[in-house]
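Enquirer: Put chain A with the ligand on the given structure of chain H with help from the hints.
The chain contents come next:
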Amino acid sequence: MVDFSLTEADQRLQAVAHRENEIGRKYAREWDRNSENEPSRIRGIHPDVAGLESPHAALEREQEQTSGLVIAEALMDMVSATDVNLRDTGEDAFGSWMLNDYGTEEQKAKYGHVKLAIAITEPGAGSDPANMRTNARYDPATDEYVLNGEKVFISFFNKFDGAVTLMKGEPDGAGKTPFMTVVVTKDLPGVTEIPQFKKLGIRSHELSGFHLQDVRVPAIARLDADFGKTMSKFNHNRPLVAAHALAGARSMLDFTHARLAEAGLKVDYAKGRSARSANEDRLIRMEALWEAAWGTVMRAKWLEHQMGSESHGYRVEASVAKALGGKVVRQITQGCLEILGPEGLSEEYLAEKWFRDVRIADIYEGAGEIQRILIARALLGYKNELN
Amino acid sequence: MISFELSEEQQIVRSTMAEFGKTVLAPQARRLDTDSCIDDGVLAELWSTEIIQAQAEAVEEEAGSRSPVTNAIILEELGAADATLALAMASTMGFVQAIADQGSAEQRARLLGGFAGETFQAAAVAMMEPRFGFDVSRFQTKADKAGDDYIVRGVKAMVPLASRCSHFLVVAEADGAADAFIVPLDAAGVTVVEPKGALGLRALEMAEVAFDSVRVPSSMRLGEGNGADVQRIIDSARVGISSILAGLSRGVMEYVIPYTKERIVHGAPLAQKQAIAFNIADMHIDVEAMRWLNWRAAWALEARQPATRTAQLAYTYAGQQAMRIADDGLQAFGGHGFVKAHPLELWYRNARSLSVLEGAAGV
Ligand SMILES: Cc1cc2nc3c(=O)[nH]c(=O)nc-3n(C[C@H](O)[C@H](O)[C@H](O)COP(=O)(O)OP(=O)(O)OC[C@H]3O[C@@H](n4cnc5c(N)ncnc54)[C@H](O)[C@@H]3O)c2cc1C
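Chains as they are written, first to last, in numbering that gives the first Met the number 0: chain H, 0 to 386; chain A, 0 to 362.
Bound conformation, chain H alone:
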């Protein structure tokens, strides 16, 4: 049966996520201003939430009573903007997740205790990994790989111990250089970390990168994970990227509704277009964009719930959610700031921050254009003919 009701557990979990966001709100401005320079202030579990069950733990505990674990996770993500992460507990170590999924017992024993980022992007290769230059050469004399190259835009590399790094191996007989993944830790000679990037938004999301110069790693550092496996979490993550940004857009819309209500405009969904002011009409259209994207996130997550996260059966829907979410959050936050006018620019409020924060959603984890290529290929039955 088609059903859009939320279970009581879904709603309780949304409330938990919302409470956490509200607690963090008072630090939002300060962290936005300072964390790129002083990341130390965002380490560990913040005292304000130390005694509270984390949203993540609540989800684990309640999952049986939800609409589905991955569905509830997305519902929690969409509740309101998460301006700051008050619990820096290493859940954002995506490389460690990969080690966990694809590493051997021996590899887990060696690297299980370190926190690892995931390093794919290079200055000359983002959307198109074929341009990747970072490479590994095997040295049979020492049973080591020798690594050279450069990785940029690596989330949290500065605070972690290293990164699961995608690179090119040596040419095979046909002259093709296969992708391979290698665990790179910062303690190795020849690994140089680059300073943090300064960004438009999500400033407490730390971003750096590294150079590799003749870095020698033991053969055991190579994971049995090719390009496809590196990307396998994308189907799960892409709708969540949309969900996160939709949360920012939700806060932006709620803020805009509240400010306009103070100014005497309350949106009425009952009447028709001819009876609306321009601002009312725009708000309704932006609400429609938001709910449209919400539906595609829910659809992808419902399919994931049915098929299992590792399935490729919902990959088009994951791209649909990512593409639409990434688009609408741009339109919504741009539109709200226009409606709010000059007062909305002030750093006294978070509106201008949400405008900056959500912009990333249409770029990372596959930019909007890349999602459209993937969707169009599926619809048209194309592969590389469309690129």
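No wet-lab data here; the hints were simulated from the structure.
Heads up, the beta-carbon is just placed ideally off N, CA and C, and yes, glycines get one too.
A portion of the hints provided could be inaccurate.
Pair ranges (Cβ atoms, derived) [said to hold, decoys possible]:
#1 H:Arg-60 with A:Arg-130: 56 to 66 Å
#2 A:Val-355 with H:Arg-42: 55 to 65 Å
#3 A:Gly-175 with H:Ala-260: 18 to 28 Å
#4 A:Lys-339 with H:Glu-347: 56 to 66 Å
#5 A:Ala-267 with H:Gly-172: 25 to 35 Å
#6 A:Gly-196 with H:Ala-257: 39 to 49 Å
In silico SDA-like cross-links for lysine to any residue, where the CA-CA straight-line distance does not exceed 25 Å [what the hints assert, rightly or not]:
#7 H:Lys-228 with H:Ile-362
#8 H:Lys-265 with A:Phe-133
#9 H:Lys-198 with H:Glu-149
#10 A:Lys-272 with H:Asp-127
#11 H:Lys-25 with H:Leu-199
#12 A:Lys-272 with H:Ser-126
#13 H:Lys-158 with H:Arg-358
#14 H:Lys-270 with A:Lys-272
#15 H:Lys-270 with A:Thr-140
Expert: Same frame as chain H, but now just chain A with the ligand:
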């Protein structure tokens, strides 16, 4: 509990309607538009689906067996074949729904039987009015109390299949609030104005209907005692229209895909150009988004949850994006989209037409 699972019955209805639309309705769309009239043969084929009859009969069985979600699914499938014929059904459905939903026991018993027969029986909600700036929040049609009766005065516009309707559900202002009155076509003072022709949905012969001091007994005020919930009729209509728009949009996309794969320009298929391929991706994204919005609003109507906001958003989104999709679809065909050899120009007209209507459908 969030679920997109269709019941077995819904899956069957969906595939049956898709097949019916493709094989029976779509091939007639161009001819009907040219003739600006739906012939009895096509109406009989529509009636043979028994969709309307099922709405009328469901009341006697159990109220819960009418499903706005199922109706939204049906209307998307019909809309993918031809929006005009989808609206021919949806318009009558809107009337029957309103009676089934809100009519008194007496009204249901008296009227619904008329929609359970062998031949197509049209009826319509008469909501819109013939003036620029009309809005569903302010009606000029008035119903004034006169003893036990109401006197209805005003003109309604864009009523589908007006001259074929047995009844109109006339939305009028009574005692300062919107209310709805059941008026037979043959009541004294009712005149169906000669259709003027319209941009799109031409075969529906949408017409003005004038109500010149029509005397309507209180027993024909929808729901009798407390009067009608007109907003619920508007909400249901919005979801009906947006469901047809989702279908229309999907029809455009499904027509554009094979053509652009075959059409060679500058040495490669059109579909391999990103400007075209990205539009196709966006069509797919929007059709999906529209469908889930429609289902959600229909679900809210079905579950008797507040539906006004979701219905408005489904309608707003579908209206906006369907116009864009029909526009991009036409553009992808170039001159071939502008001439009548292909249905793009028809869909372009229908998308604009459908998305500005209010009250003319129901789920
Ligand atoms: C905050 C942040 C965090 C990040 N975290 C990580 C991380 O943890 N690990 C990691 O490896 N990377 C990370 N990235 C990198 C991110 O994944 C890339 O920025 C992204 O993949 C885009 O690559 P690019 O920046 O090189 O842009 P480009 O690939 O140069 O793209 C530029 C523009 O061209 C478009 N484009 C590209 N190819 C096509 C095409 N074929 N057709 C049409 N248009 C096209 C793109 O959509 C984009 O609009 C992060 C980036 C940011 C900003």
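Enquirer: Look at the Cβ atoms of Val-355 of chain A and Arg-42 of chain H and judge whether their distance stays inside 55 to 65 Å.
Expert: Given a distance of about 56 Å, which is inside 55 to 65 Å, the answer is holds.
Enquirer: Please verify whether Lys-272 of chain A and Asp-127 of chain H have alpha carbons no more than 25 Å apart.
Expert: 18 Å, holds
Enquirer: Holds or violated: Lys-272 of chain A and Ser-126 of chain H, Cα atoms, limit 25 Å.
Expert: Holds, at about 18 Å.
Enquirer: Is the hinted pair Lys-270 of chain H and Thr-140 of chain A satisfied, with a Cα-Cα distance of at most 25 Å?
Expert: 17 Å, holds
Enquirer: Going straight from one Cα to the other, do Lys-265 of chain H and Phe-133 of chain A come out at no more than 25 Å?
Expert: 21 Å, holds
Enquirer: Need the status of pair Lys-270 of chain H, Lys-272 of chain A: alpha-carbon distance at most 25 Å?
Expert: Status violated; Cα separation ~42 Å.
Enquirer: Evaluate the given range 25 to 35 Å for the C-beta pair formed by Ala-267 of chain A and Gly-172 of chain H.
Expert: Given range 25 to 35 Å: holds, Cβ gap about 32 Å.
Enquirer: Given the hinted pair Lys-198 of chain H and Glu-149 of chain H, is their Cα-Cα distance within 25 Å?
Expert: 20 Å, holds
Enquirer: Given the hinted pair Lys-158 of chain H and Arg-358 of chain H, is their Cα-Cα distance within 25 Å?
Expert: 24 Å, holds
Enquirer: Please verify whether Lys-228 of chain H and Ile-362 of chain H have alpha carbons no more than 25 Å apart.
Expert: 21 Å, holds
Enquirer: Between Gly-175 of chain A and Ala-260 of chain H, is the Cβ distance one that fits in 18 to 28 Å?
Expert: 26 Å, holds
Enquirer: May I ask you to test the hint 56 to 66 Å on the CB atoms belonging to Lys-339 of chain A and Glu-347 of chain H?
Expert: 59 Å Cβ-Cβ, so the 56 to 66 Å window holds.
The structure fails hint 14 only (numbered hints given earlier).
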